[in-house]
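Read in my numbering, the sequence shown has 745 at position 112, and its numbers run on one by one without any break.
Don't read these hints as lab results, they were simulated from the structure. It cannot be assumed that every hint is accurate.
Stated by the list, open to error - The calculated label-pair distances, taken between Cβ atoms and stated as ranges, are:
#, residue 1, residue 2, range
1, THR822, ASP772, 17 to 23 Å
2, LEU665, GLU817, 31 to 37 Å
3, SER790, GLY692, 42 to 48 Å
4, SER730, SER784, 40 to 46 Å
5, ALA779, ARG864, 23 to 29 Å
6, CYS761, ILE819, 36 to 42 Å
Predicted model, so just to flag it, every value in this text is computed and none were measured. Built from N, CA and C at the ideal position, the CB exists for glycine as well.
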Amino acid sequence: MYRGQTFSAVVLAAGSGKRMGTSVAKQYLPLLGKPLMVYSLEAFAKSPVDEIILVAAPGETAYCRQQIVEKYGIEKMPRIVEGGQERYDSVYAGLQSVTGNYVLIHDSARAFLTEEIIFRAMDAVLGCGAAVVAMPVKDTIKEAGADGIVSGTPDRSRLWSVQTPQCFETELVRGAYGKLMGQEEIRVTDDAMVVEQMTAHPVRLIEGSYENIKVTTPDDLLLGEAILKRREMTVKREEKKV
């Protein structure tokens with residue numbers, strides 16, 4: 634399907650989820666009977682991705698193997714590696730195990746990933762080498778100083794809200810992260826920013842979905858339940874038509 638090219642997915646599940654306000658890390662929180670992280674793993678397992686590298690919190694690789702991968706029958710997962718203190722540490726650790734020509738980096742907290750988004754990302758990265766899933770912002774955005782006074786209003790038509798997966802030629806992003814990790818001060822918030830700062834390679838934005846939300850707060854869990862239930866109802870209606 635992809636002319637002999639191979640794809641890896643790095644799924645990040647090493648965070649603590651402090652903003653969730655629970656004693657359990659958010660990637661393990663139950664959502665309609667399954668841990669949150671299982672949903673994105675299942676999406677990648679059903680996709681044309683060749684391998685999945687799961688990045689777990691330090692000391693949790695065995696738990697993830699037994700209670701996530703084996704319990705829920707996740708396929709295509711040859712390795713589970715330990716992440717680090719920051720997100721970029723975890724991404725860098727995951728990239729060391731990637732064998733595919735291209736890699737899709739995804740936050741497990743975005744549990745509502747679909748195969749359609751994965752296909753779009755894979756198709757796009759073949760053509761440009763660096764593609765990031767995103768959606769146009771709906772709200773007007775204000776810039777403000779530390780005093781809370783508005784300093785500007787960016788043109789909304791040019792603003793996008795970035796999601797994951799973020800997809801790259803493996804050697805491009807691995808090289809970019811290698812340069813980043815050699816910096817004395819690191820201030821990056823996503824993988825595209827690493828490629829933007831460490832290379833001259835352009836990054837293309839491609840359409841994701843407004844449902845591809847990141848679960849960060851308890852309210853997000855409620856919204857996520859609604860998304861999954863609506864999808865289940867849609868599937869049942871389609872089955873009745875057949």
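Hints versus structure:
no.	hint	result
1	THR822 <-> ASP772: 17 to 23 Å	holds, 19 Å
2	LEU665 <-> GLU817: 31 to 37 Å	violated, 45 Å
3	SER790 <-> GLY692: 42 to 48 Å	holds, 46 Å
4	SER730 <-> SER784: 40 to 46 Å	holds, 43 Å
5	ALA779 <-> ARG864: 23 to 29 Å	violated, 42 Å
6	CYS761 <-> ILE819: 36 to 42 Å	violated, 26 Å
Checked against the numbered hints above, the structure violates hints 2, 5, 6; every other hint is satisfied.
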